[in-house]
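Peer 1: Chains as they are written, first to last, in the numbering used here: chain U, 233 to 663; chain P, 233 to 663; chain R, 233 to 663.
You may find that some hints are simply not true.
Quick partial rundown of chain U residues pointing at chain R, CB under 10 Å, derived from the structure [as the list claims (entries may be wrong)]:
{"no.": "1", "residue": "Ala283"}
{"no.": "2", "residue": "Pro451"}
{"no.": "3", "residue": "Gly517"}
Since the hints were made in silico from the structure, they are not lab data. Glycine residues also receive a C-beta, built at the ideal position from the N, C-alpha and C atoms.
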Amino acid sequence: MIATKSSPIDQLCAQLDEIVLIDPHSHINPHAAASKNLGDILGYHYFTELAHSAGMPREVIEAPGITAKEKVGRIVEGLAHLDNTIQVKWLIELCDRFFGFQDDRLTPDNWEALYDHSEKLMSAPDWEQTILQKSRLEAVFLTNDFDDPLTGFDTKKYIPCLRTDDLVFHLQKPEVRQRLAKATGFDCATPAKLIHAIGQLFTHFVSHGAKACAISLPPDFEPTPVSHVDAEGPLRAAYAGHMLTTEQSQVLSRFVFWTIAEFCSEHHLPFDLMIGVNRRVYESGVYQGQDLFDQRVSLYQYRRLFNAFPRVKFPISVLAHASNMELVSYAWIFPNVIANGHWWYSNIPAFIEPDCRSRLEAIPRNKNIGYYSDMYKLEFGWPKFQMYRRVLAKVLFEDFVVGRHWSEERAVELGRQILRGNVETIFSGAC
Amino acid sequence: MIATKSSPIDQLCAQLDEIVLIDPHSHINPHAAASKNLGDILGYHYFTELAHSAGMPREVIEAPGITAKEKVGRIVEGLAHLDNTIQVKWLIELCDRFFGFQDDRLTPDNWEALYDHSEKLMSAPDWEQTILQKSRLEAVFLTNDFDDPLTGFDTKKYIPCLRTDDLVFHLQKPEVRQRLAKATGFDCATPAKLIHAIGQLFTHFVSHGAKACAISLPPDFEPTPVSHVDAEGPLRAAYAGHMLTTEQSQVLSRFVFWTIAEFCSEHHLPFDLMIGVNRRVYESGVYQGQDLFDQRVSLYQYRRLFNAFPRVKFPISVLAHASNMELVSYAWIFPNVIANGHWWYSNIPAFIEPDCRSRLEAIPRNKNIGYYSDMYKLEFGWPKFQMYRRVLAKVLFEDFVVGRHWSEERAVELGRQILRGNVETIFSGAC
Amino acid sequence: MIATKSSPIDQLCAQLDEIVLIDPHSHINPHAAASKNLGDILGYHYFTELAHSAGMPREVIEAPGITAKEKVGRIVEGLAHLDNTIQVKWLIELCDRFFGFQDDRLTPDNWEALYDHSEKLMSAPDWEQTILQKSRLEAVFLTNDFDDPLTGFDTKKYIPCLRTDDLVFHLQKPEVRQRLAKATGFDCATPAKLIHAIGQLFTHFVSHGAKACAISLPPDFEPTPVSHVDAEGPLRAAYAGHMLTTEQSQVLSRFVFWTIAEFCSEHHLPFDLMIGVNRRVYESGVYQGQDLFDQRVSLYQYRRLFNAFPRVKFPISVLAHASNMELVSYAWIFPNVIANGHWWYSNIPAFIEPDCRSRLEAIPRNKNIGYYSDMYKLEFGWPKFQMYRRVLAKVLFEDFVVGRHWSEERAVELGRQILRGNVETIFSGAC
C-alpha cells in the first residue's frame with residue numbers, strides 16, 4: 233500500500249496523532265524521566281544489543297569509565313549495519329522531531345554536532361515538560377519495585393504500577409528478602425506472614441495511586457493455587473538460605489503469584505501479565521540484551537487463573553508473535569482477558585500489523601489496549617507510538633474505511649478507543 | 233488494497249458469488265434449518281459469547297424463561313462494544329440481504345422494528361427455500377449424532393455426516409452407552425462387540441446417504457492402533473461404570489478412533505478431522521462459548537494414521553492459525569490429507585487471507601476445500617461464505633491475475649474448484 | 233499490490249536481477265551440474281511429490297526401467313492438478329527463459345515438442361556455462377558427503393561444504409562407519425579416535441576450499457556437550473554393531489555434533505544449521521518426498537551451542553514458518569546467529585514475504601542472507617531466486633522506498649547486500 237504524504241492513510245494517521253495519550257506501560261524513572269544527552273538515548277538496549285549483534289565487542293560498548301559522549305561515538309560506529317532496522321528509524325525520527333536533525337542517517341561525521349546541539353536543548357529546565365507536550369503524553373505508567381517509596385513525584389502524571397517479578401521469582405535471593413523485610417517490617421518465613429507482607433505492599437501502592445500490578449513470566453510458568461501447607465516447606469527453606477530444588481522454586485513461585493492475584497482481586501487492580509520471556513539466555517550479551525524466549529507456550533497454561541479470578545482484569549502481552557492468535561481467542565471468550573500492546577521482540581511493524589488486524593476483527597473493542605511504549609526515557613514515546621499509529625491507520629483504512637465502508641470519523645473513533653479510551657476504563661483505579 | 237465498488241477484486245468476487253454451493257460442514261438441524269425470529273440469529277454463540285466477553289453477565293443473556301424478543305433486546309445492548317468484529321459484520325450483512333435492513337448498526341433504537349419485520353418474513357412457509365436460493369446453497373452437510381434416525385428430511389439437500397465425538401471420547405458416560413445400545417441393540421462391553429456396533433452405525437449412515445464421518449479432537453490426541461487385548465480392560469471398566477484413569481481413557485479413545493477409521497476405509501467415507509479444541513476451558517462461559525485451545529499441537533501426531541489409511545481421505549481443519557503451515561505441508565505430501573476450510577477461531581479474514589494464500593500456492597488444487605459455514609441456522613451461510621469469497625477474490629486477483637498474469641476466467645475457474653468442485657469430488661459418496 | 237510490467241516494484245526487481253550471485257546452498261553435483269533433458273527437471277522432487285499427492289500412484293511415477301521421456305510424459309499428466317502451485321511456476325518460467333517455451337501450461341499436448349527441443353539445447357557442450365551466465369550465477373555452494381574426494385571440479389565455482397548428517401545421526405549404520413574408515417584410515421571406536429578422524433575430514437575439506445559445514449536437524453534435537461566418558465559406551469556399542477537405545481543414540485549424536493562445532497571454531501568455518509525436519513514421516517512417498525516436520529521446536533534448544541561457540545557463525549534455516557520470529561529475535565541478540573534463506577516448505581511467497589519483512593526490520597543488515605536455491609540442477613537457480621527477488625523488491629519498495637522515504641538506490645544497495653554481499657562476508661573462507 234503506497235502511503236505518500238497526502239494518502240488517506242497518512243491523513244487518518246495525522247488524526248490519530250492528535251490524540252492525547254496515557255502510556256499504560258513504561259520503565260520511566262520519574263525522578264529522571266527525560267534524557268540528559270544522546271548517551272541516554274543511544275544507550276537504550278535496542279541500540280547496544282543490535283550494535284553488539286552486528287559485531288561490536290561488548291567491551292567496546294560497555295567499557296567502564298567512558299563518558300556518555302565517548303559511548304555515543306562508539307555506538308554510532310555500529311549504526312551503519314543497523315540502518316535497516318525499525319529501531320534506528322525510532323532514533324532518526326526522534327532526533328528529527330526533538331532536535332531538528334535533518335539527515336537521514338547518524339554517522340561518524342555528523343553525530344558530534346548533534347550530540348552538542350541536543351545536549352543544549354536537553355539542559356533546558358522544562359525539557360521534560362517539552363517532551364511530554366510534543367509527544368502528547370498526559371500520563372505515563374511506571375513499573376515500580378515493590379519497595380519503591382513512591383514519593384517525590386506526581387503520581388497523577390507518573391502512575392505507579394507494582395512490579396512483582398522479584399516477589400514471585402526471586403525470594404531465594406537474600407537481598408530480595410531483606411528488601412521485603414525493610415519495606416514491610418516483616419520476617420516472612422511462613423505463608424501467613426508472607427501474605428500479610430504482600431498485603432502491606434498493596435496497601436502502600438494503592439494509597440499512592442497505583443493503578444496496576446505487573447509481572448513478566450517465563451514460557452513454562454503455569455499458575456495454580458498452592459495451599460499454605462505445600463508452600464510452607466519451600467518458603468522456610470528459602471528463608472533458611474537453602475538452595476531450592478526446581479520443584480520447590482516452582483511451588484513457591486506459584487504460591488506468591490496466586491497470592492498477588494488475590495490481592496489484585498481485593499483491590500480491584502488489573503494484573504498485567506507479560507508472558508513468555510526467558511531471562512539470561514545469552515549471558516555474554518550487553519546489559520538488558522540477554523533475554524530471549526521459547527515460542528512453545530500457551531495461554532491454556534493460565535486457564536485456572538482466568539477462571540479463579542473473574543473480577544481481576546488481566547491485560548496480557550505476549551512475547552512470541554505465534555501467541556497472538558491465542559490472545560485474540562482468549563480475549564474473545566474470557567471477560568477478564570484483555571489484549572495489551574505489542575511487546576519487545578513482537579514490537580515491529582511486520583508483527584504488529586497482522587496482530588493489530590486480528591485483534592480489531594475479533595476482540596470486543598473495549599478490551600483491546602493498542603499500545604504502550606515500554607520506554608526507559610520519555611524521548612522514545614513519540615517514535616514508538618508513531619510506529620504503532622502508522623500501522624493502526626493502515627489497518628483502520630484498509631479494513632474499516634474501505635473494507636466495511638465506515639466513515640473516517642467512525643474509524644478514528646475506534647482508533648481513539650484503542651489508543652486512549654481503553655487505558656482509562658481498564659485502569660480506572662483501585663478501590 | 234483498495235476495493236471500491238468497481239474494483240477488479242469486487243468484479244472477481246461477484247463472479248464467485250454466482251457459484252452454487254454445497255456447504256461441506258454445518259450444524260444445521262434439518263427439521264428446523266432456518267431461523268424463526270431474530271432470537272435464533274442473535275442467539276448464535278458468536279454474539280452471546282462476545283457480548284459476555286465485553287461485559288454482559290451470563291445471567292442476563294441466559295436468564296431462564298425470557299422470550300426470544302427479550303433476549304434479542306438484551307444482546308443488542310452489548311453490540312456497541314462489538315461493532316468492530318467481523319461477526320457483527322455477518323449480522324448486519326444478513327439483515328441487509330434477507331430483511332432489507334438499511335442501517336449500518338443494530339442498536340437499542342432500531343432493533344425492535346427489525347425484529348418484528350423480520351419475524352413476519354421468517355414466518356413465510358417457503359422461508360427456508362428462500363434462504364437457500366438467495367444464498368445459492370444447493371445442499372448442506374449436517375453433523376449428526378451417531379443415533380440420529382436420519383429420517384424425515386431430504387438427505388440429498390441435507391447430507392448426513394456421522395459425528396463420532398461421543399463414541400471416541402464419551403463412552404464413559406452412561407447416557408452415551410445407553411444411546412449406543414438403543415441405536416444398535418448391542419451391549420458393547422467387549423472390543424469385538426463394540427466394533428460390530430460401530431459397523432452397524434456406519435451401515436445405517438451410509439444407507440441414508442451419509443457422505444462423511446467427522447470428529448473434533450483435542451490438541452494432545454495422538455491416534456495409534458490399539459489391540460483388542462489392550463482395549464478390553466478400559467472398555468470393560470467403562471461399561472462397569474468405573475472411573476477410568478487418564479491412561480485408560482486414552483487407550484479407549486484411540487481404540488474407538490482407529491476402529492472408525494477402519495470403517496471409513498471400508499465404506500470409502502472421508503473422515504473430517506477438526507484438530508485442536510480443548511473443551512470447557514472457561515466453564516462459566518455462555519452456552520457454546522466455553523471452548524478454547526492450546527496451539528502446541530502438530531500434525532506429526534497423525535503420521536501413523538495417514539500412513540495406515542491411504543484409502544481414507546482426511547479433510548482437515550485446524551483450530552490454531554499456527555497449524556496452517558503444517559496443514560499446507562502435509563497436504564502437499566500426503567495424498568490423503570486435504571485442507572478443509574477455516575475453523576472457528578481461525579475463521580476471520582486476518583487469518584483466512586494468509587492461510588488461503590499459502591494453500592493456493594502449495595497444495596494441489598484438487599485437495600483444497602475452500603470453506604464451510606459451520607452454521608447452526610441457514611441465514612449465516614451467505615455472510616460467512618461472502619466473507620471468504622472476498623478474501624479468495626483478493627488472493628486470486630493479487631497472486632494469480634496480477635502476480636502470474638492469469639486471465640480472470642482462469643482465476644475464477646480455480647475459485648470454482650476450491651468453492652464447489654472439490655466438495656463434489658472429495659465427498660463423492662460411500663461405496 | 234498491483235505489479236504490472238512498468239510498476240516501481242518491477243523496476244526495482246529488474247535492478248536486483250542484475251546482481252551476480254553466489255548461491256550459498258545447493259545440492260548440485262559438480263560433475264553433472266546442469267540437466268540433460270526434461271526428465272532431470274520434471275524429476276525434481278517437488279513435481280513428483282505434488283503429482284503423487286494429487287493422486288498419481290508412486291508406481292506410475294517411479295516405475296523401474298522407464299525412460300526419462302516416458303517419465304516426463306507421465307508427470308505431465310498430473311500437472312493439471314498443480315498449475316496453481318508456485319513450483320509449477322518455477323517450471324514454466326525456466327522453460328520460457330531457457331527453452332523459449334511460450335505457452336503458459338505444460339500439457340499432454342505440448343510437452344513432447346518441448347522435450348525434444350530442450351534436449352537439443354541441453355546437449356550443447358557449453359550448456360552448463362550458458363545456464364550459469366543466464367542465471368547470473370558466479371559460484372554455487374555444494375553439500376558434500378564427508379567422504380567426497382572433492383576432485384575433478386573447479387572448487388572456486390562449485391564451493392565445497394561438508395555435510396555432517398551422516399556423522400551425527402547415522403554412525404550406527406555399518407556403511408557409514410565403513411565410509412568413515414575408508415575416508416580417514418581410522419577405526420573410530422573411541423571418542424579420541426573419532427575426534428581425530430573428524431579432524432582429518434575438516435583438514436581435507438578446508439584444503440579443498442570448503443567454506444561451510446552443514447547439517448539438517450530434527451525438531452527434538454538439543455545440542456549439549458558430552459564428555460568422552462559418556463560418549464564412549466554408545467560409540468563402542470555402535471562400532472560393535474549393537475542396536476543403540478534412544479538415549480544412547482542421542483548421546484552419540486550430541487557428542488559428534490559438539491565435536492563438529494569445535495572443529496568449525498578451530499577452522500573458522502560457518503556451521504549451517506537447517507533446523508526442524510523429521511525424516512521418512514511418509515514412508516510410501518516418492519523419492520525425497522517423505523520428510524515433514526513438527527512445528528513444536530525452539531531455538532531455545534540451541535542456547536548452549538550459541539553461547540559455547542562465539543567464534544562460529546551459525547547461518548540458520550528454519551523449516552517451520554512459525555520459527556521465523558525466533559530466528560529474527562535470536563539473530564537480533566546473538567552475534568553468531570545469522571538468518572539464512574527460506575527452506576523447503578517455508579520456501580513459498582506466502583511465507584517468504586512476512587519472513588523477509590520481519591528480517592529486514594529487526595536483524596542487522598550484515599547478518600541476513602536472503603536466499604539460497606537448494607537446487608539439484610542448475611536450471612532451478614534462476615526461477616527460485618526470481619521468486620525471492622520479486623518478494624524482496626515488493627518489501628523493499630513498500631517498507632523502505634515508500635514507508636521510510638529511502639531512495640531507490642539505497643533500497644537496491646540493501647538488496648545487494650542481502651542477496652550477494654553477505655554471502656561473501658559470512659562465508660569468507662576458512663583460515
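Peer 1: Evaluate each hint against the coordinates.
Peer 2: Each hint tested on the structure:
1. Ala283: 8 Å, holds
2. Pro451: Where the cut-off is 10 Å and the nearest Cβ of chain R is about 8 Å from proline 451/U, the hint holds.
3. Gly517: Glycine 517/U check passes; min Cβ-Cβ to chain R is 6 Å, inside 10 Å.
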